[in-house]
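What follows is the residue order along each chain.
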Amino acid sequence: MITAFFFRALDGKTWAVLAVLLGIGIALPLLSLTDPSFPLHVPTYVVALVGKYLCYALLALSVDLVWGYCGILSLGHAAFFALGGYAMGMYLMRQIGTRGVYANPILPDFMVFLNWTKLPWFWHGFDMFWFAAIMVLLVPGLLAFVFGWFAFRSRVTGVYLSIITQAMTYALLLAFFRNDMGFGGNNGLTDFKDILGFNIQAPETRGVLFFASAFALALGFLICRAVIASKFGKVLIAVRDAESRTRFIGYRVEGYKLFVFVLSAMMAGVAGSLYVPQIGIINPGEFAPANSIEAVIWVAVGGRGTLIGPIVGALLVNFGKTWFTSGVLAEYWLFVLGGLFIAVTLFLPKGVVGTLMARARKKPDETKAPGALSPIEASQAAEEGA
Amino acid sequence: MLNKVSRTIGALATAATIAVGATSAFAADDTIKVGILHSLSGTMAISETTLKDTVLFLIDEQNKKGGVLGKKLEAVVVDPASNWPLFAEKARELISQDKVSVVFGCWTSVSRKSVLPVFKELNSILFYPVQYEGEESERNVFYTGAAPNQQAIPAVDYLMSEEGGAVKRWVLEGTDYVYPRTTNKILEAYLKSKGVAEEDIMINYTPFGFSDWQTEVAAIKKFGSAGKKTAVVSTVNGDANVPFYKELGNQGIKAEDIPVVAFSVGEEELAGIDTAPLVGHLAAWNYFQSIDTPENEDFIKKWHAFIKNDKRTTNDPMEATYIGFNAWVAAVEKAGTTQPDAVIDALIGVSVPNLTGGFSTIMPNHHITKPVYIGEIQDNGQLDVVWQTPGLVVGDEWSDYLPDSKDLISDWRAPMSCGNFNVKTGKCGGS
Amino acid sequence: MRPFPSRLAALAIIALTLFGVLRPAFGADLTAQVNALGQGDYAALEKAIGDLAATGDPQVAPVLDALSNGDLYVRKSDNAVVKATKSGSGFTLTDPVTGAALGEAGRSGVTKIKVNNKIRGLVRSATGSLTLMSADPAQRRSAAADVFRSGDPAQIPLLDQAIAKETDPGVKKIMTEARAAAVLKSDMGDADKIAAIAVLSTRADQDALAMLASTASGPDGAVKSAAADAVASIQGQLKLWEGVQNIWYGVSLGSVLLLAAIGLAITFGVMGIINMAHGEMVMLGAYTTFVVQEIIRNSYPELFDWSLAIALPLAFLVSGAVGVLIERSVIRFLYGRPLETLLATWGISLILQQAVRTYFGPNNREVGNPSWMSGAFDLGNIAITYNRMWIVVFALGVFAVLMLVLKRTPFGLQTRAVTANRPMASSMGIRTPLVDALTFGLGSGIAGIAGVALSQIDNVSPNLGQSYIIDSFMVVVFGGVGNLWGTLVGAFTLGIANKFLEPYAGAVLAKILVLVFIILFIQKRPRGLFALKGRSVEA
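Those sequence lines, one after another, are chains A, B and C.
Quick note: UniProt numbering has the first sequence finishing at residue 386, numbered continuously throughout.
Quick note: UniProt numbering has the second sequence finishing at residue 431, numbered continuously throughout.
Quick note: UniProt numbering has the third sequence finishing at residue 539, numbered continuously throughout.
Pulled out of the complex, with its shape left as it was, chain A reads as follows (with noise of 0.2 Å):
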């Protein structure tokens, strides 16, 4: 049964992106262990940003899951991806042990130094890998299920769900920001050791959770692949095309919307997971508003409502930042930035990927692709429609 509902998914597309991302999760990391003199060699530092970026990735390919085909357009997503990040970083943290500067074999060094005397509650069995990876798919998914439960239930919708999930967000950046949450506060947790046993510097290390990320990503994808294909997939688009119309007929759209949100939120952590031992860090500053809107701005790049859209949206762009950030353009970058997005919206409603799908459509037969409207028609459209 289940796996007929992922072979159902494998197209010769889903296999193209399969092989080319774990292409990428193998290659990558064993270049980047060669002799510098060898001509194919990577270095570390290009590992440590791809590895990155594919972390992004994943949270933009979860965006678009619940935006591009169920219409929900969630402005906190970076919550889950934090809080999956903030899992993954107290089970580095317990990793630590001694270690610490304060060599407590209890407590982390942060809470060593405001004089905390005792490892509060929601801090226990952190030291346990598996545990913490469990944590990393429960905390966001039960904050994802909590929150869809209530906000599906009352029929808050459209707008005012964006701005409830960015208030979300922002009020969890407020409460990690505090101290006395006792998750370090500003600071954040870092100064992670290892992993599993491995040093976290290591190449081999950053090797391995390169291709984790790599891997987690086509797992995302073939499971959004297949959700999309399957019948609840359908509904999950009839459900951002005609809400109303849906329940009607006799869905019960909260069920759909709820599963979709849930799921999202939960890759969105496994990202979030992922990213935190490669980039060594985690801080409050992953709730920001602002990263949410990014995330979705990849997906608007990209091509929403296509899955490799989100994955090309986010490299793109993030390779832009990085790119753009460096030398004399550093203070440009958000001039760039900026327009990057009013042109997305403007001229490529359907992002790049979607654009480009749909001008291999219409190329047999020269018919206009629907939904591909140019400004002077959307305005028109809008005239008539709103």
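Derived from the structure by calculation, the hints contain no laboratory data.
One or more hints might be untrue.
[To be verified] The calculated lysine-lysine pairs, modelled on DSS-like cross-linking and capped at a C-alpha distance of 27 Å, are:
1) Lys185(C) x Lys222(B)
2) Lys47(C) x Lys224(C)
3) Lys224(C) x Lys168(B)
4) Lys168(B) x Lys172(C)
5) Lys165(C) x Lys229(B)
6) Lys228(B) x Lys114(C)
7) Lys165(C) x Lys185(C)
Since the structure of chain A is provided, determine the placement of chains B and C on it from the hints.
Coordinates of chains B and C only, in the frame set by chain A:
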């Protein structure tokens, strides 16, 4: 429509090519590269942009003198955009891609914590020029800003003295992040050790960028009216200060009644406020623009010429950058190489002139010696020194007033080479 | 009996002669004493101030004022104390006592006499006693307040004289209180002290509480118990005032939220555009104020008190024009796609922020408070600051004008028509594109006006807008999109709730609690406090 898209993409591509050309045009082999890691956009740009200009200015001055080891210095500027993960990414880029010999950067503690693993892994040098909470000593980092004992404790000493008003009651007001939390912990322990009772200390925290201070200022006023001389020790961070001081001024809290001594308010922050109602409130730093020494006058003159603006202020983190930069230059000359291990060893013991007429020495704990000044806010936005420590104060990375850190010491010289040596257990804690 | 009047007469004659003859000598003596201010350290300075104050000479007061303002310098050539004002690169010197011009000096020719808070406090109580008999009631009032604060028992005889002479009842009251404060610190008898406690307990404010509290912690006895009773009664009264104070703070915070949100209530609430660049419109307004003040400072300093009035229309025009530009160039292509306006306007906000940062620099810019916006007045036992009060008034004023525009003008009618039913409005001959542009311009312009007001209480920096954007959205959503009254009620509700929570939960937790409350509230009423009633299934 599609035509338009392809044109846009074309334009972007052209811009990109130009930009690549511009970046790579910088590369040259006969120079020593210096990385600058300060935010130029986002919320921290307000403080950090000045430091970027300061390093550029110092590099320019050094090159006029002939550079270092006969080579010119070349600045590599990146923008971590006030985004902490981006700090780590940019640090990695500077060290492994641009191959810089040293990095000057970071402002907030969290940005320093973000880049720490990178500097350790790739073994490079970071000069950190901002006052911070201490509780850290890393081999790859040199802390040229003040540790708590070089700022907070002397300030409290001054207020407790007869001259400072013999303060008996204390409000510790801070932004809720690690620097104020730690500083206030240290101060609380210090005050109690000086016989201040629990009920004479009030601690309060507000969020970042807090702007509605009515309730807090009213609470301070109330706390201050218990018949004992009261002072406020403020670790309120950057942006929240302007509304805080405005509210103080408007609610009529005069410095003669309840003085406020701040650790994060300098010339640059005051430039954004009308300081007339604030005259007499205090700030503790290791440098003030108003300090009258030939070195400082010369520095300000050249800085104004470089930045082409006579009104630009100078401040303490700028002096810390100045000290760090000159110490690095001296150490490279001493070691005869820019190789990090040699320079890290050479840096200890290096003594360079500071801007207040003395010398600052890099100590084995990677902190430096500094004089401490208490300045009073003047109506022209400057701070006038009213008190100073008799001699230089050595930065104390592990505070003596925190129970778990009082047994730790740091010495990065050869036999010990440890940032957190526990004198009780005789072991290097973090290894 | 005989010798007495003659002795009196003799005394009078001696006094007169002394006065007449010694008058110039007195002045010379004063100069010597003033010069003593410049010798030695703080301790010597304290003594010199004490000596000067002890002369009782009214001429001393301006000298001490100059000292406390940091205008007194020591001339290095002869160690004379002079009053110096900056002129060019040097100083213009005057005699601090007579005001006679003493020529110029270079920067290195004089050294400033440094004062600290302790010295300023001393000077304040010294000038207080010196100006207690001044002809100007305002000066007497502030002198009495100074003496009250210092509570120096040595001033009691002087206060007695002043009280006897005083005609203004308000000033007299303060003087009596000052006397009571001094009595408490003196070694006078218990009866006097208990009377003094009674006087102070009628004052019933923080200052009186402070004085009584220190008496109440003194040695046991009738005085102590009277003081303790008074402290208890004042504390009870102050508790009540605290509630009033919280409401006022809440109203004031609410008015700030209202100002920040009201423009958004139009662009988001009425037009349905998720305008993330709204905060930047506020910022542009604040920067307009800065530019206006800068021009005024440099060219027309006498107009400074009018700077806000001049900045208001300009800020409206600047932000409004930018708003119209944004609407025409970007937003008009996005009607009907609200979530995409979010992305585009977020992009616009980034560009505007960085543009301001590039042009004005990343630092805070100084925007001054005009004199009518500075200071505070007491209403009962709470201090109401003028800037907060005017902002409350201003916010309500803006709201009223906006309501009038929307409900009573042809433009308002057209706006409402277009929002309600665009095709219908269009076919009735309304130029919908023009109305769209102007409505967006109106919302943005009002944000600009808000910026003028917020520049008075907050940083003027490129980050200004960002700190208000989330709060603004919360207010509009909480109040109910599309309903200006909802925004009004929402802003004040959230403001007051926040300020009542703050003393108990702390500022951070209070804010989190308010956010959680909004999230829960939206679950209960998904359309906000005042939902627009409609019949459509999917609004």
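Do the hints match the structure? See the list:
| no. | hint | result |
| --- | --- | --- |
| 1 | Lys185(C) x Lys222(B) | holds, 21 Å |
| 2 | Lys47(C) x Lys224(C) | violated, 34 Å |
| 3 | Lys224(C) x Lys168(B) | holds, 22 Å |
| 4 | Lys168(B) x Lys172(C) | violated, 33 Å |
| 5 | Lys165(C) x Lys229(B) | violated, 33 Å |
| 6 | Lys228(B) x Lys114(C) | holds, 25 Å |
| 7 | Lys165(C) x Lys185(C) | holds, 24 Å |
Violated hints for the displayed structure, listed by number in ascending order: 2, 4, 5.
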